[in-house]
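Make the complex out of the two chains shown on their own, each in a separate frame, by following the hints.
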Amino acid sequence: MLPMNWLFKYANPHNFMRLSAGLLPFTAIATVLCLGAGLYFSFSVPPDYQQGTTITLLFIHVPADFMAISAYGAIAACSLLSLVWRHPLSDTAARAAAPLGAIFTALGLVTGALWGKPMWGTYWVWDARLTSFLLLLFLYLGYMALWNAIEDEVRAARASAILALIGAVNLPIIVYSVEWWNTLHQGESIISGKLAPVFLWPLLIMMAGYGFLFLTLWMIRVRTEILNRRSRTLMLGGA
Amino acid sequence: MSFWQMGGYGDFIWPAYGVSALGLLAAIVWTLKAYGDAKARLKALEGKTP
Numbered sequence: 289m290l291p292m293n294w295l296f297k298y299a300n301p302h303n304f305m306r307l308s309a310g311l312l313p314f315t316a317i318a319t320v321l322c323l324g325a326g327l328y329f330s331f332s333v334p335p336d337y338q339q340g341t342t343i344t345l346l347f348i349h350v351p352a353d354f355m356a357i358s359a360y361g362a363i364a365a366c367s368l369l370s371l372v373w374r375h376p377l378s379d380t381a382a383r384a385a386a387p388l389g390a391i392f393t394a395l396g397l398v399t400g401a402l403w404g405k406p407m408w409g410t411y412w413v414w415d416a417r418l419t420s421f422l423l424l425l426f427l428y429l430g431y432m433a434l435w436n437a438i439e440d441e442v443r444a445a446r447a448s449a450i451l452a453l454i455g456a457v458n459l460p461i462i463v464y465s466v467e468w469w470n471t472l473h474q475g476e477s478i479i480s481g482k483l484a485p486v487f488l489w490p491l492l493i494m495m496a497g498y499g500f501l502f503l504t505l506w507m508i509r510v511r512t513e514i515l516n517r518r519s520r521t522l523m524l525g526g527a
Numbered sequence: 123m124s125f126w127q128m129g130g131y132g133d134f135i136w137p138a139y140g141v142s143a144l145g146l147l148a149a150i151v152w153t154l155k156a157y158g159d160a161k162a163r164l165k166a167l168e169g170k171t172p
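Heads up: the protein sequence lines correspond to chains B and F, in order.
The opening residue of the first sequence carries number 289 in my numbering; numbering runs sequentially from there.
The opening residue of the second sequence carries number 123 in my numbering; numbering runs sequentially from there.
Excised from the complex, chain F in its bound form (with noise of 0.2 Å):
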């Protein structure tokens, strides 16, 4: 339970590594669904041009 409360500064320690971890997250899913979208759309035109 202590280690929740961290000493009292819970309230500021915990939402800081929630908010830091929600933003490291979201910026390694969105680049690597872009990076994925870019490949499929490469695929499907190089699979068009003759």
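For reference, chain B alone in the conformation it holds in the complex (with noise of 0.2 Å):
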């Protein structure tokens, strides 16, 4: 029970503020160091013997695929959370990480294309992997096309909390798309120790960094709706 006691705590708006406000200085720091340093590293890596320079796609296409992925994650947790237990900053939190997630994976899909071109010799092909992870985006642009689309806020996070929830069936198949089906992209190469520590270091950093970046505007978007919420409990007041 202590988890969910800790968990009910900081997700009460207020000691949400400030807790994230305690926090904030400290992830927005870490951004900038991580991907500083990343793109130092990014740039200063030998060429791959297979794939060249190219190889320097890999540090902002990897940790885009990973953030899109874990944003959906968090979504799928916290549409759990507010269906189970009903708690309004679930809600909050999942609406606020899609568009984030949204971008993350639109660079994901670009950059891949952009890696794609110079060593499979096409922008995109509709294997497993790249299918599933468009299907990704639409199930982003899906979940807050719904949120827009129901006027009472209750009923609207309870609907796009089940298409997350629905949609969380997606991120196994993305994962393990490489494993189950023959596809033209790669399988998969960190946990496995196939990547050299040359290239793995910095794509760690630079994972890190868009990690930072993720909470850190996660966390300012979940300020911003409580505040937004709170100015439409005084209008209402006030009417």
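Since the hints were made in silico from the structure, they are not lab data.
It is possible that some hints are incorrect.
[As the list claims (entries may be wrong)] Short, incomplete list of chain B residues facing chain F, as computed with Cβ under 8 Å:
(1) Leu388
(2) Leu505
(3) Ile508
Since the model is a prediction, treat every value here as computed from it, not as a measurement.
Heads up, the beta-carbon is just placed ideally off N, CA and C, and yes, glycines get one too.
The structure is reproduced here in structure tokens:
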């Protein structure tokens, strides 16, 4: 029960505003440091023996993909919390993460296409990894559209949470698509240790940078929504 | 000059970095602007409330 009590304590809007105000300077500084160092190391690595200098694209493509999947995972987790425990801040957090996740997904698709052309000879192919990743972008767009389509916030939150949880089925499909099907996209190379350390470290630093950036923007977006709710309450009170 | 050519792959690498920078910058600007607007709106409303 302790983790749930802890979660509910900090999921209180007032406590969240206090906690996030203290955390934001640290996550913002960590973002600048990690992205700065990551960019420097990205352009300092030697060319890959197979992919040449296009290996440089690894350092922006993989972090974007990683954050696109992580952001959707966060939305699904918040949606589950919202549906089971009906906590209003969970809805806010899920809604705030969606546009950021959609941007990371779009960046993953564009950088992947620009990497695919010189390596595969084509910008796009309908293989399992690329198609399931495109589906993730549509899930983000559908989730945001559903939130905006329903006027009653409680109903909108409920319907969007159900959609988010159904869409979460796509996450393991994206991750394991390269193992389950024969794809043009290369297989996993980080956890299996196939990636040389000279490329691994800049990649991990860039992933941390993207992660801190997402966390920073996510907290600011949740704060924005809390302030907007206060404004709506004041407007209703004055009407 | 060779740095910009990136071993002949500059036409793919630089647009990818450019799009990424633009996308992330847009997300930052959009988020901060919305936050600033929300703070200003609330402040104005609190000023009106007796």
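Now the hints, each set against the structure:
| no. | hint | verdict |
| --- | --- | --- |
| 1 | Leu388 | holds, 6 Å |
| 2 | Leu505 | holds, 5 Å |
| 3 | Ile508 | holds, 5 Å |
Going down the numbered hints, you'll see the structure goes against none, and every one checks out.
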